[in-house]
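Residue numbers (UniProt numbering), protein chains in the order written: chain A, 1 to 207; chain B, 1 to 207.
Simulated from the structure, these hints should not be mistaken for lab results.
Take the hints with a grain of salt, since some may be wrong.
[Said to hold, decoys possible] Pairwise CB distance ranges, derived in the manner of DEER restraints: (1) A:A40 x B:R173: 53 to 61 angstroms; (2) B:R173 x A:T98: 13 to 21 angstroms; (3) B:G99 x A:G99: 51 to 59 angstroms; (4) B:Q36 x A:Q122: 55 to 63 angstroms; (5) B:P165 x A:G22: 18 to 26 angstroms; (6) A:E180 x B:Q122: 36 to 44 angstroms; (7) B:D81 x A:R90: 56 to 64 angstroms.
Using N, Cα and C, we set each Cβ at its ideal position, and we do this for glycine too.
One-letter residues, chain by chain:
Protein chains: 2
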Amino acid sequence: MIFPSSLLENAVNEFAKLPGIGKKTALRLVLHLIRQEQGAVQHFSDTIAKMRSEIRFCTRCHNIADGPLCNICADRGRKSDTICVVENIRDVMAIEGTGQYNGTYHVLGGVVSPLDGVGPDQLPIEALVRRVREEEVKEVIFALSPTIQGDTTIFYIQKQLEPYPLTVTTIARGISFGGELEFTDELTLARSLTGRLPVGQYVGRTL
Amino acid sequence: MIFPSSLLENAVNEFAKLPGIGKKTALRLVLHLIRQEQGAVQHFSDTIAKMRSEIRFCTRCHNIADGPLCNICADRGRKSDTICVVENIRDVMAIEGTGQYNGTYHVLGGVVSPLDGVGPDQLPIEALVRRVREEEVKEVIFALSPTIQGDTTIFYIQKQLEPYPLTVTTIARGISFGGELEFTDELTLARSLTGRLPVGQYVGRTL
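Just chain A, with the same shape it has in the complex (with noise of 0.2 angstroms):
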């Protein structure tokens, strides 16, 4: 791409450094900024910054937050004999989204996957068993993707949390609503057939 400015080239590179935007897509985006007032685009550039040097991550679960608490934990209506364990902050997102889900959440950032070097050490384990000792928790419920890495890091917490006297649980896998059930993987048809519940507990059950 040959740019008739250095200031346009310079902001396009910026953006394509983005994931998933490519120097197209980059080239789109900074047109329509210069279309825009100068003053809306000193806010975007604002608030991004702002966000990067101001944002904290929650020092009890690991989540994204404003202060030293994020905002479901600084929430006194919350369970907190309940903690969701999850990978990222999409996934807390996600369970939030589906607003069925009144406990507190703890954010590991990350799976236990010797392959790429993240070994049980590095993600944050013990705080969890401490929360668990000193927050009185009565359930813990796993919700980290169904693959190897997910359920090697379910076993490795288990072990640490088998001291405690509390319930472990894992979000259920099964098939889809909308889902085929001709189409569905064999693992997950049979995990959903050894998980089969009681149709009275399946219909319009909440947590």
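Since chain A is already given, all that's left is putting chain B on it; use the hints.
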């Protein structure tokens, strides 16, 4: 979407204002920036703000510029007696990308389109006529999109240029390289027939 932090939410909303960026993509981009060094994000933000506040439009051809003249107009090696009329800056970059053009440009910033409320008076057509008169231009090449609006614009400008002794051309419309004849629309095929060239002129022809 339920956000754990208003800093995050504001940043996502800013990204989601960009064309073609939805909330989910915006969230992915912001979470990517959170994982980057603070200095890198500050640089991203500063580059965008600086670009918008300092970018100029070339006083001669209305291309994007760092100073009063764009890189192309400031380049003494370019032939100033040939002007290529284009709709926007992306068209300039597309033609520059071919490496086949050594003249200057005139960026209209749009085409005559009465239905969208764009009349000839809103486009820098007078400036083009002035350039033709003052810069002893020998050829004006129209490189506008092959639409009714493009053709209307060419027709209007051509009328204004009639008093001056110069050649007025338009880029060839025909079958793309790699295009299949049988799938070409009738209008394009008809134009490529009426605009046929002697084979000797076609092979290895450059501007």
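Hint check:
{"no.": "1", "hint": "A:A40 x B:R173: 53 to 61 angstroms", "result": "violated, 38 angstroms"}
{"no.": "2", "hint": "B:R173 x A:T98: 13 to 21 angstroms", "result": "violated, 54 angstroms"}
{"no.": "3", "hint": "B:G99 x A:G99: 51 to 59 angstroms", "result": "holds, 57 angstroms"}
{"no.": "4", "hint": "B:Q36 x A:Q122: 55 to 63 angstroms", "result": "violated, 19 angstroms"}
{"no.": "5", "hint": "B:P165 x A:G22: 18 to 26 angstroms", "result": "violated, 45 angstroms"}
{"no.": "6", "hint": "A:E180 x B:Q122: 36 to 44 angstroms", "result": "violated, 55 angstroms"}
{"no.": "7", "hint": "B:D81 x A:R90: 56 to 64 angstroms", "result": "holds, 58 angstroms"}
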